[in-house]
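Participant: Full structure from sequences and hints, please.
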Amino acid sequence: MITQGRYPAYMSVAEPIQQKGIDGADLAKRWLESTTWIELPFDAYHNAPICQLTRLDGKKKLYDLFGCIYGSPKTPLYIESKGYDSVGGKQAKEYWEFLANAYSITAQDLKDGLDARREFWWITRMPFSSTDWADLTTAERMKTALEAHHPEALADNEINVDTLAIAAARVEVFVVNRRQEDFMLTPQELALVESTLNRKGMR
Amino acid sequence: MSTRSLAVTEQIRSAMASNNPDDIVNGVKQAVAQEVTSLSPDANVVLTNYFNHTYMPDLVVEWNDAGKRDERPIFLRNDLRPEATERDVRSLARQEPVVLSLTALDEPSVASSPLREQAREANRVLVTDVVSLADMATPFDTQRSTSRGREEAPLLRLVQANLLKGGRGLLTPHDIERLAQSATPPETGTALTEQFLATFQETADEMFAPDASLRLRRSAELLRLGLGLSTDIIDSIAGGSGELSEVELRVLIPYLLVDETARANTRLWHYIGSMMSLERLEELGNALAEMDVTPLVVPNLETWTGKRAQLVLNNSYDEDSNVAISASMLRTADFEMEDESELAGLNRGDSFWSINNRLLTADAGPWRLFIASDARRLKGRTASAAANWDDISPLISEFALDSVDLRGLSRRIYVGAEGSGDVSSDVVRIRSSIDDSYQVTKVHVRRPDDDEKLGNLNVDFTEMTVTAGRGGASIASLVRAAELLAHSQPSDFSALTAAQALPLTGATDPESESA
Numbered sequence: 001m002i003t004q005g006r007y008p009a010y011m012s013v014a015e016p017i018q019q020k021g022i023d024g025a026d027l028a029k030r031w032l033e034s035t036t037w038i039e040l041p042f043d044a045y046h047n048a049p050i051c052q053l054t055r056l057d058g059k060k061k062l063y064d065l066f067g068c069i070y071g072s073p074k075t076p077l078y079i080e081s082k083g084y085d086s087v088g089g090k091q092a093k094e095y096w097e098f099l100a101n102a103y104s105i106t107a108q109d110l111k112d113g114l115d116a117r118r119e120f121w122w123i124t125r126m127p128f129s130s131t132d133w134a135d136l137t138t139a140e141r142m143k144t145a146l147e148a149h150h151p152e153a154l155a156d157n158e159i160n161v162d163t164l165a166i167a168a169a170r171v172e173v174f175v176v177n178r179r180q181e182d183f184m185l186t187p188q189e190l191a192l193v194e195s196t197l198n199r200k201g202m203r
Numbered sequence: 001m002s003t004r005s006l007a008v009t010e011q012i013r014s015a016m017a018s019n020n021p022d023d024i025v026n027g028v029k030q031a032v033a034q035e036v037t038s039l040s041p042d043a044n045v046v047l048t049n050y051f052n053h054t055y056m057p058d059l060v061v062e063w064n065d066a067g068k069r070d071e072r073p074i075f076l077r078n079d080l081r082p083e084a085t086e087r088d089v090r091s092l093a094r095q096e097p098v099v100l101s102l103t104a105l106d107e108p109s110v111a112s113s114p115l116r117e118q119a120r121e122a123n124r125v126l127v128t129d130v131v132s133l134a135d136m137a138t139p140f141d142t143q144r145s146t147s148r149g150r151e152e153a154p155l156l157r158l159v160q161a162n163l164l165k166g167g168r169g170l171l172t173p174h175d176i177e178r179l180a181q182s183a184t185p186p187e188t189g190t191a192l193t194e195q196f197l198a199t200f201q202e203t204a205d206e207m208f209a210p211d212a213s214l215r216l217r218r219s220a221e222l223l224r225l226g227l228g229l230s231t232d233i234i235d236s237i238a239g240g241s242g243e244l245s246e247v248e249l250r251v252l253i254p255y256l257l258v259d260e261t262a263r264a265n266t267r268l269w270h271y272i273g274s275m276m277s278l279e280r281l282e283e284l285g286n287a288l289a290e291m292d293v294t295p296l297v298v299p300n301l302e303t304w305t306g307k308r309a310q311l312v313l314n315n316s317y318d319e320d321s322n323v324a325i326s327a328s329m330l331r332t333a334d335f336e337m338e339d340e341s342e343l344a345g346l347n348r349g350d351s352f353w354s355i356n357n358r359l360l361t362a363d364a365g366p367w368r369l370f371i372a373s374d375a376r377r378l379k380g381r382t383a384s385a386a387a388n389w390d391d392i393s394p395l396i397s398e399f400a401l402d403s404v405d406l407r408g409l410s411r412r413i414y415v416g417a418e419g420s421g422d423v424s425s426d427v428v429r430i431r432s433s434i435d436d437s438y439q440v441t442k443v444h445v446r447r448p449d450d451d452e453k454l455g456n457l458n459v460d461f462t463e464m465t466v467t468a469g470r471g472g473a474s475i476a477s478l479v480r481a482a483e484l485l486a487h488s489q490p491s492d493f494s495a496l497t498a499a500q501a502l503p504l505t506g507a508t509d510p511e512s513e514s515a
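Protein chains in written order, with this note's numbering: chain A, 1 to 203; chain B, 1 to 515.
Careful, some of the hints might be misleading.
Claimed, not checked - If you want the footprint, here are the derived chain B segments under chain A, 3+ residues with CB under 8 Å:
| id | segment |
| --- | --- |
| 1 | 19-25 |
| 2 | 54-63 |
| 3 | 77-86 |
| 4 | 205-214 |
None of these hints come from the bench; they were simulated from the model. Values in this document were obtained by computation on a predicted structure and should not be read as measured data. Ideal Cβ positions, reconstructed from N, Cα and C, are used throughout, including at glycine.
Facilitator: Given below as structure tokens:
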């Protein structure tokens, strides 16, 4: 059996390393980077400090992947990746927390006087809460997450309607089919495309 | 685990723990680039703007191999998890990359795994880690050297230099340990035995792409031949065509030049010479500083070509005055001085070839001869005296005389042929029929055996230069023609052109110097 035995120094203790989680994050990274608009160089397993954000209540939240969307300026992008391969389970419950965290972190940024313009994307292989699908990223849904599921994320602060609108606009949900990868351009093709498009800028 | 491995591991760990993206990227890439440069000092390492990207490399190693540019992308990965790495090997294979993990993979060298097999089948994909690179850079922690100061393990140096350029398959620290051992004789001074070479070749075949493996084998065979451990010559040497790479030249030539047995092996040097040129010898300047390169130059005098020779008076020849040549004297002679420390190499009285200031240089009696592959590097003097025709005419007899401008007190006569043709007899007739004292500033000559397509040699007595045509001229021809310039103080240049036993000069042997 192969082990990463010798120098596991970069492994974070903050999140258990689960094969499905790692595989899910790998797929999310490959898929998003294949768009040529996004790069995700850092992950929670090896770069925990940079993948961590602070909520209003001071609690740290660790994201699976951190990178950016190319643009001028670049947009910071945090990925919550879910490796579920069946309907049900804890996905819907975890998504409530995801919404509450997105609001709380954005509110903390604004409270600190700097809007970091962070986007929070939920990448999963399996749909969830399908009857509410159209409302998953609305401000109303985020408000419910804060009031009914995770009031601790507010740390006794009132919900700010403007912040709610800002945070909700920066949340997205994507479902990635595993076969999606079969129809992506190959790394070699993408390298050629990128050398022409130069989305990122000069090498 | 070496001190170097521990250091680079800590450097990367520290960078990865940062909460600043730039600090992570710069810290990790600098640490990796340091290891790459250590292994391949002749390569240029380009840091890209990408980090841990799916399809864009983090670094690109660029190098020139015998004038041909080549490169290999390096993709950094946090680890070598089998599924992800196997995917990388499959999807990146056509880019022939190095997939380099920031953490070591603790897999025994002999173990068989799908990743090892897949990496091997990919033919030119190297999957390894920074600990392995650091272990390879200093496999024994300290550099072994002999009492003469040369590296004890030239094969190991070549393996190090080729690892990132031609390595393949999965190489863990265990593999690297095996590779380093296979390239190093077990004890200092141990001969490269048949068994040692067989083991080395087997390991090289396994861990290097076929072309790189062949080159390593060729180097091993050259060492074996040079050190007198084999009498099977040339034909048996694998990959016996093509040029030697810069690294091969830098490692093999200095190593063999200080070995008495190798120095006397003319066939070895002729063979090595067939895989290089005067220009490439000049480029080795630093690696050959202070060394007597006569064993390498003499067997190749007729095949290597140069563009210009220049003769200057060698003041250090005057034993009574003890005047050594100085930088100002060279500048007076219009030389471009790149490194004045190289003057030390000029101030020796022996007749041997050396490389000084990227010029092939030798002393002969009161003269110092310079030969260059690029005529622009020898500008010549401007006001040396013209030669008296009667003084040089006996010396010209071994050449075909293409043209000469005879300047007498009362007549000036140009003698030349429409095409290439020897006008010597015409000049003799003119000289005997018109009495005058003829001065000559230039003659155009050819050695009878030289290729006519290369053109003639312009011997300029006022510049004290010999300039070849566009195609250049053999070094032998340049030396012979330069002897015409020495007519005022004829000297013996034969030691510089004769293939004979070539003992070490005192200057190249620190032991004898200190004795």
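Participant: Give a verdict on every hint.
Facilitator: Comparing the hints with the structure gives:
1. For the segment 19-25 of chain B, the proposed coverage by chain A is satisfied: 5 residues have a C-beta within less than 8 Å of a C-beta in that chain, meeting the threshold of three.
2. Taking a C-beta to C-beta cut-off of 8 Å, the segment 54-63 of chain B contributes 3 residues in contact with chain A, enough for the three needed, and the coverage statement holds.
3. By the rule of at least three residues with a Cβ nearer than 8 Å to a Cβ of chain A, the coverage given for the segment 77-86 of chain B holds, with 7 such residues.
4. Counting residues of the segment 205-214 of chain B whose CB lies closer than 8 Å to any CB of chain A gives 0, which falls below the minimum of 3, so the coverage claim is violated.
Checked against the numbered hints given earlier, the structure breaks only hint 4 and satisfies all the rest.
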